[in-house]
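*Asks:* Construct the complete structure from the given sequences, taking the supplied hints into account.
Letter by letter, the chains look like this.
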Amino acid sequence: MKLFHTFLTGLVFGVGIAISGMMNPAKVLNFFDIAGTWDPSLAFVMGGALVVTFIGYRLVWRRKAPLFAARFQIPTSTVIDGKLIGGSALFGVGWGIAGFCPGAAIPALGTGRWEVVLFLGAVAVGLALARILQGKPLFSRSAKA
Amino acid sequence: METIFTPFASFGGGMLIGLGAVLLMLGLGRIMGATGIMSGLVFPENASEFSWRLALVAGMIVAPGLIYAVTGTMPAIDVPVSPLMIVVGGVIVGLGASLGSGCTSGHGVCGLSRLSVRSLVAVPTFMATAAITVFIIRHVIGG
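Keeping their order, the protein sequence lines are chains A and B.
Oh and the first sequence: position 29 is 28 in numbering that gives the first Met the number 0, straight run, nothing missing.
Oh and the second sequence: position 76 is 75 in numbering that gives the first Met the number 0, straight run, nothing missing.
Calculated from the structure, these hints are not laboratory results.
The beta-carbon is built from N, C-alpha and C at its ideal position, and this holds for glycine as well.
Accuracy of the hints is not assured; some may be wrong.
These stretches of chain A come out as covered by chain B in the derived footprint (C-beta under 8 Å, 3 or more residues) [to be verified]:
(1) 1-14
(2) 25-39
(3) 48-56
(4) 70-79
(5) 111-125
*Replies:* Right, dumping it as structure tokens:
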């Protein structure tokens, strides 16, 4: 039941990504190209998503716990440091170069397009680089389940 | 290339993206951060953390097929950049989102709606550098 709910959650998210235009790099890059072929659509994507999460999260948090977990796991850090700003700045540069972001590319895998596979393979390399830079092991062998 | 302005489809799609994030919070109490979810699949820490991510990603990947089944067309993907730029951009996206602890979904949708201070810093930062990058590539270097 837990995994079925999670599967349906992914399906809803993926359909939203597909309808919204987020999985189309031409559209994403045009959103940032204000001086050229500007397409403001993605501001509407963000607007629609924020309206629903802003209200929906607060309704969900009235519960003591989630349906299938013991507690809510919400980031609590408020540290603004160079890693946050530098990492975010880098992320934007990469997004502006490729036109894909991970949340759009994962559902886009379902189209079978090779560009999506290439992008996500490259993202995996970037994730590995970040782990190496931060001294984390690439593959941990912890047995806790 | 020009793209068509789609305010209604984009707003509606955005609402479904938000609904997905709310459903994940309702079910598992988790933030819908695509980079963290992908990281947990590529570099698995333990079995229980792996299985829900796999179910979530499986649902996401089925979505274009469902749209094809209903409408008869796959969602449009027009890639106006070279394979080399896809790879360069992808590596930087993975590195940056990992160091910055989030991407468009985690910081952008989930973080802003929580009014997270870190996300309120992260989102304008990556929006600005994305816009600067596109400006340099298209209007300074020339495309």
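*Asks:* Decide, hint by hint, whether the structure agrees.
*Replies:* These are the hints, each one checked on the structure:
1. 1-14: With 14 residues closer than 8 Å to chain B, the segment 1-14 of chain A meets the three-residue bar; holds.
2. 25-39: With 12 residues in contact (Cβ-Cβ under 8 Å with chain B), the coverage given for the segment 25-39 of chain A holds.
3. 48-56: Holds: 8 residues of the segment 48-56 of chain A have a Cβ under 8 Å from chain B.
4. 70-79: Check passed, 9 qualifying residues.
5. 111-125: With 12 residues closer than 8 Å to chain B, the segment 111-125 of chain A meets the three-residue bar; holds.
Going through the hint list in order, the structure satisfies each hint without exception.
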